[in-house]
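A.B. asks: Spelled out from the first residue to the last, the chains are:
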Amino acid sequence: MIEVKNLSKSFGENLVLDDISFKFERGQVNMIIGQSGSGKSVLTKCMVGLHKPDTGEILYDGTSFIELPLEEKKEIRKNIGMLFQASALFDSMTVEENVMFPLTMFTDMSKSEMRDRANECLERVNLEDKNNLLPSETSGGMQKRIAIARAIVMKPKYLFCDEPNSGLDPQTAIVIDTLISEITREMDITTVVISHDMNSVIEIGDHIIFIYKGKKWWEGSKQEMIKTTNQEINDFVYASEFMKTLKDKLG
Amino acid sequence: MNTIFHVGRYIILIGRVFSRPENLKIYWHLFIKEVDKIGISSLGLVVLMSLFIGMVITLQTASNIDSPLIPAYTVGFTARQSIILEFSPTILSLILAGKVGSNIASEIGTMRVTEQIDALEIMGVNSAAYLILPKILGGLFIFPFLIIISMFLGVFGGWAIGVSTGIITSNEYVYGIQYDFRPFSVTYAMIKTLVFAFIITSVSAYHGYYARGSALEVGKSSTQAVVFSSVLILTLNYIITQLILI
Chain A
1 MIEVKNLSKS FGENLVLDDI SFKFERGQVN MIIGQSGSGK SVLTKCMVGL HKPDTGEILY
61 DGTSFIELPL EEKKEIRKNI GMLFQASALF DSMTVEENVM FPLTMFTDMS KSEMRDRANE
121 CLERVNLEDK NNLLPSETSG GMQKRIAIAR AIVMKPKYLF CDEPNSGLDP QTAIVIDTLI
181 SEITREMDIT TVVISHDMNS VIEIGDHIIF IYKGKKWWEG SKQEMIKTTN QEINDFVYAS
241 EFMKTLKDKL G
Chain B
1001 MNTIFHVGRY IILIGRVFSR PENLKIYWHL FIKEVDKIGI SSLGLVVLMS LFIGMVITLQ
1061 TASNIDSPLI PAYTVGFTAR QSIILEFSPT ILSLILAGKV GSNIASEIGT MRVTEQIDAL
1121 EIMGVNSAAY LILPKILGGL FIFPFLIIIS MFLGVFGGWA IGVSTGIITS NEYVYGIQYD
1181 FRPFSVTYAM IKTLVFAFII TSVSAYHGYY ARGSALEVGK SSTQAVVFSS VLILTLNYII
1241 TQLILI
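As you go down the protein sequences, you meet chains A and B in turn.
Using my numbering, you'd call the opening residue of the first sequence number 1 and step up by one each time.
Using my numbering, you'd call the opening residue of the second sequence number 1001 and step up by one each time.
One or more hints might be untrue.
[To be verified] Derived coverage of chain A by chain B (criterion: at least 3 residues anywhere in the stretch with Cβ under 8 angstroms from a Cβ of chain B; other residues may be distant):
#1 2-11
#2 104-118
[What the hints assert, rightly or not] Label pairs and their computed distance ranges (CB to CB):
#3 A:Gly12 with B:Thr1223: 20 to 28 angstroms
#4 A:Glu186 with B:Val1231: 52 to 60 angstroms
#5 A:Leu133 with B:Gln1060: 48 to 56 angstroms
[What the hints assert, rightly or not] SDA-like mimics (lysine to any residue), calculated; alpha carbons at most 25 angstroms apart, straight line:
#6 A:Lys74 with B:Met1190
#7 B:Lys1099 with B:Met1190
#8 A:Lys111 with B:Pro1021
#9 A:Lys157 with A:Thr63
#10 A:Lys52 with B:Phe1005
#11 A:Lys213 with A:Lys111
#12 B:Lys1220 with A:Lys74
#13 B:Lys1033 with A:Leu50
#14 A:Lys78 with A:Gln35
Keep in mind the hints are simulated off the structure, nothing from the lab.
Cβ coordinates follow ideal geometry from the N, Cα and C atoms, glycine included.
Given these sequences and hints, build the entire structure.
C.D. replies: Take a look at the structure:
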């Protein structure tokens, strides 16, 4: 479980996050949605420790993360897997080396054990026989799957996905969404997905928070989101003609 | 104010670089890779530069000595002094700052803008140590070898051109390069080399590590890395010479 309490963050005079609080449960796909520039990415970076919030608290299964000494912070980070928007694969390493990387840094496993674990993760994301390719030799969808394999190789408790569908075609996007959802259930982990792709939200979102102008504007399930009368979230969710038509048809 | 900010941030970064590594075995592999990337791949440039500069120093010295009172071995003596004291440790370091420095800054800068450094941090890896320490140690290890090779080749290039063009005999040149030789000159050159190796690798890594934005910014940080490394090399060259030789 991840709990955020009264989190605020500003850059100079610009207040980006304003007193945000929420709780993300284990075994669920928790989605952070909002317009571009609303503060989603900053919120996520605060949650994983890449930015230090001005005020507030972040608790990983009850352990306060922000004020922890660096070494203890590292221990929590070893339980975090992250899928970046641009995959962030190490371009000088092969697919297999990328997936094995956290194991080589933090475990005493033998090379063959590491290879087995990496292959297991690659098979889980339906990527076989690509071990010796460089990331640049794979497609965008494959890179996302490799990044998911790398994110889960250490059997994390928390999985963060920053716009996992950006730059992907609709079919591949569904494959990635499904993988994220399945892995969350299988591994019983707390998953946080940052997105502004409404298909994704409808497809896999269990618990959704809507960030608007740096504040947590709305929170609920996707069923509640569809029915809400909140003007800002309706403007966001039904921004496209497709979603408007769908809403009209479904009443 | 800006300078103080950068100096402070550089010192903090270096502090992180020299903190305890997570996995020594991995760092050893990275060190070997960097020795190859920084050193071995620069060997061609070092050989070419040193040979030709040695030749040119010899030719220029010979062409500028008109007086019959100046002995012919002065050509060898001048070539040796120029190469050991200045060309190999300083000028070659400036050239390597361009090649190695821009390479380090653009490699780390690209990793920064493509979030690879963030990925390392989230995994719990000390990204500064992982990316920069092997480069600094690799540079400190391999630069002295490159400079010694350069010294030999520079002096050899001078001998080869001097003898082949007939401006000096082999005996005179060899006497010149042995004349009044002080081994401390090599120690002085090595001290400079180690300082410059540290500057080139760490300053370039600093510029790459704090690159922001797009590919354009990576290019800018790469240029800045070369400019700042070069300015520091020139400044420290003066300071070290003043402290050690005078």
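A.B. asks: Holds or violated: 20 to 28 angstroms for the Cβ distance of Gly12 (chain A) and Thr1223 (chain B)?
C.D. replies: Hint holds: Cβ distance 27 angstroms, inside 20 to 28 angstroms.
A.B. asks: Falls inside 52 to 60 angstroms, the C-beta gap from Glu186 (chain A) to Val1231 (chain B)?
C.D. replies: Since the Cβ atoms of Glu186 (chain A) and Val1231 (chain B) sit about 56 angstroms apart, the hinted range of 52 to 60 angstroms holds.
A.B. asks: Taking only the CA atoms, is the gap from Lys157 (chain A) to Thr63 (chain A) under or equal to 25 angstroms?
C.D. replies: The hint holds at about 13 angstroms.
A.B. asks: Under the criterion that the straight-line Cα-Cα distance not exceed 25 angstroms, is the pair Lys213 (chain A), Lys111 (chain A) satisfied?
C.D. replies: violated, 48 angstroms
A.B. asks: For the range 48 to 56 angstroms, tell me whether the beta carbons of Leu133 (chain A) and Gln1060 (chain B) fit it or not.
C.D. replies: Once the Cβ atoms are compared, 53 angstroms apart, the range 48 to 56 angstroms for Gln1060 (chain B) and Leu133 (chain A) holds.
A.B. asks: Given the hinted pair Lys74 (chain A) and Met1190 (chain B), is their alpha-carbon gap at most 25 angstroms?
C.D. replies: violated, 39 angstroms
A.B. asks: Do the alpha carbons of Lys52 (chain A) and Phe1005 (chain B) lie within 25 angstroms of each other, as the hint requires?
C.D. replies: holds, 19 angstroms
A.B. asks: Given as covered by chain B, does the region 2-11 of chain A meet the bar of three residues or more with CB within less than 8 angstroms?
C.D. replies: The restraint on the region 2-11 of chain A is violated, since only 0 of its residues have a Cβ under 8 angstroms from chain B and three are required.
A.B. asks: Would the hint linking Lys1099 (chain B) and Met1190 (chain B) be met if the CA-CA limit is 25 angstroms?
C.D. replies: Measuring from Cα to Cα gives roughly 20 angstroms; hence the hint holds.
A.B. asks: Quick check: the region 104-118 of chain A, covered by chain B? Criterion 3+ residues, Cβ under 8 angstroms.
C.D. replies: As far as the region 104-118 of chain A goes, the hint holds, because 3 residues have Cβ atoms under 8 angstroms from chain B.
A.B. asks: Regarding the pair Lys111 (chain A) and Pro1021 (chain B), is the alpha-carbon distance no greater than 25 angstroms?
C.D. replies: holds, 20 angstroms
A.B. asks: Could you grab the alpha-carbon distance between Lys1220 (chain B) and Lys74 (chain A) and see if it respects the 25 angstroms cut-off?
C.D. replies: violated, 32 angstroms
Hint compliance for this structure: hints 1, 6, 11, 12, 13 and 14 are broken, all remaining hints hold.
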